[in-house]
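2 protein chains.
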Amino acid sequence: MIGQTPAPPYYAVIFSSQRRKADPAYDQAAEHMVDLARQQPGFLGVESARGADGFGITVSYWSSEAAIVAWKQHAEHRAIRERGRSDWYQHFHTRVSKVERAYSFGD
Amino acid sequence: MIGQTPAPPYYAVIFSSQRRKADPAYDQAAEHMVDLARQQPGFLGVESARGADGFGITVSYWSSEAAIVAWKQHAEHRAIRERGRSDWYQHFHTRVSKVERAYSFGD
Chain A
1 MIGQTPAPPY YAVIFSSQRR KADPAYDQAA EHMVDLARQQ PGFLGVESAR GADGFGITVS
61 YWSSEAAIVA WKQHAEHRAI RERGRSDWYQ HFHTRVSKVE RAYSFGD
Chain B
1 MIGQTPAPPY YAVIFSSQRR KADPAYDQAA EHMVDLARQQ PGFLGVESAR GADGFGITVS
61 YWSSEAAIVA WKQHAEHRAI RERGRSDWYQ HFHTRVSKVE RAYSFGD
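Heads up: the protein sequence lines correspond to chains A and B, in order.
With our numbering applied, the first sequence covers 1 to 107.
With our numbering applied, the second sequence covers 1 to 107.
Warning: the hint list may mix true and false statements.
[Claimed, not checked] Just the calculated beta-carbon pair ranges, DEER-fashion:
id: 1; chain 1: B; residue 1: E82; chain 2: A; residue 2: G51; range: 23 to 33 Å
id: 2; chain 1: B; residue 1: F105; chain 2: A; residue 2: P8; range: 37 to 47 Å
id: 3; chain 1: B; residue 1: F105; chain 2: A; residue 2: A7; range: 18 to 28 Å
id: 4; chain 1: B; residue 1: Q40; chain 2: A; residue 2: D53; range: 23 to 33 Å
[Unchecked claim] Beyond 12 Å from chain B on every Cβ pair, some chain A residues (computed):
id: 5; residue: P24
id: 6; residue: E31
id: 7; residue: A67
id: 8; residue: V96
Rather than coming from a laboratory, the hints here were simulated on the basis of the structure.
Glycine included, each C-beta is placed from N, C-alpha and C at the ideal position.
Whole structure, please, built from the sequences with the hints as guidance.
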């Protein structure tokens with residue numbers, strides 16, 4: 001899914017992860033987290049892709065670092081992250097970055 | 001694939017794209033570009049995922065903005081980007097960002 005974002009600067013959280021085996025509960029939780037993120041102040045958009053090998057990248061876009069910290073501390077988000085570590089992910093990396101320039105092609 | 005990156009700060013190029021139909025020539029070109037990127041000064045790593053719907057995200061990591069600019073100007077990379085626009089991508093976004101903090105879980 002493509003997030004339409006404003007002109008830089010803004011922030012990107014790059015989350016790359018290796019899933020363990022497929023689990024419908026994961027898909028449900030991931031969808032719910034995106035719905036919840038959309039309701040947070042400063043949320044700008046999200047893009048996500050996962051291949052058949054279970055490796056995926058989700059990038060969420062935010063207007064400020066404060067918005068990212070607030071989302072990180074959200075109670076429901078914290079709880080689901082615990083479940084991610086115990087049940088769903090073999091490993092993941094989270095990187096918080098500041099988008100300095102952006103360009104696009106196509107529709 | 002997972003790129004092992006050093007402690008921040010460093011740079012991330014977030015490339016999200018919607019593929020047109022599958023094309024073996026694309027896969028070959030993508031693989032070649034990764035091989036070529038690995039040889040560039042300042043290259044730190046790359047992660048890539050594409051779902052069955054043809055939407056994908058590739059994030060490459062670099063030690064400096066100068067390294068990103070040099071790679072962007074690489075002749076073979078320029079030529080393949082032309083082909084990407086004409087043949088392979090319906091749309092894409094490129095975002096250059098500075099990674100400010102990072103954390104990991106698992107192996």
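- Message: Minimum C-beta separation from V96 (chain A) to chain B exceeding 12 Å: can you confirm that?
- Response: About 5 Å separates V96 (chain A) from the closest Cβ of chain B, which leaves it inside 12 Å; violated.
- Could you see if the CB distance from Q40 (chain B) to D53 (chain A) stays within 23 to 33 Å? holds, 26 Å
- Going by Cβ atoms, does E31 (chain A) stay more than 12 Å from chain B at every point? holds, 14 Å
- How does the Cβ-Cβ distance of E82 (chain B) and G51 (chain A) compare with 23 to 33 Å: does it lie in that range? 26 Å Cβ-Cβ, so the 23 to 33 Å window holds.
- Query: Is the Cβ of A67 (chain A) farther than 12 Å from every Cβ of chain B?
  - Reply: holds, 14 Å
- Message: Range first: 37 to 47 Å. Now tell me if the beta carbons of F105 (chain B) and P8 (chain A) are that far apart.
- Response: violated, 29 Å
- Range agreement (Cβ of A7 (chain A) with Cβ of F105 (chain B), hint 18 to 28 Å): violated, 33 Å
- No chain B beta carbon within 12 Å of P24 (chain A)'s: Check passes; 17 Å lies beyond 12 Å.
In summary, the structure is inconsistent with hints 2, 3, 8 from the numbered list given earlier, while agreeing with the others.
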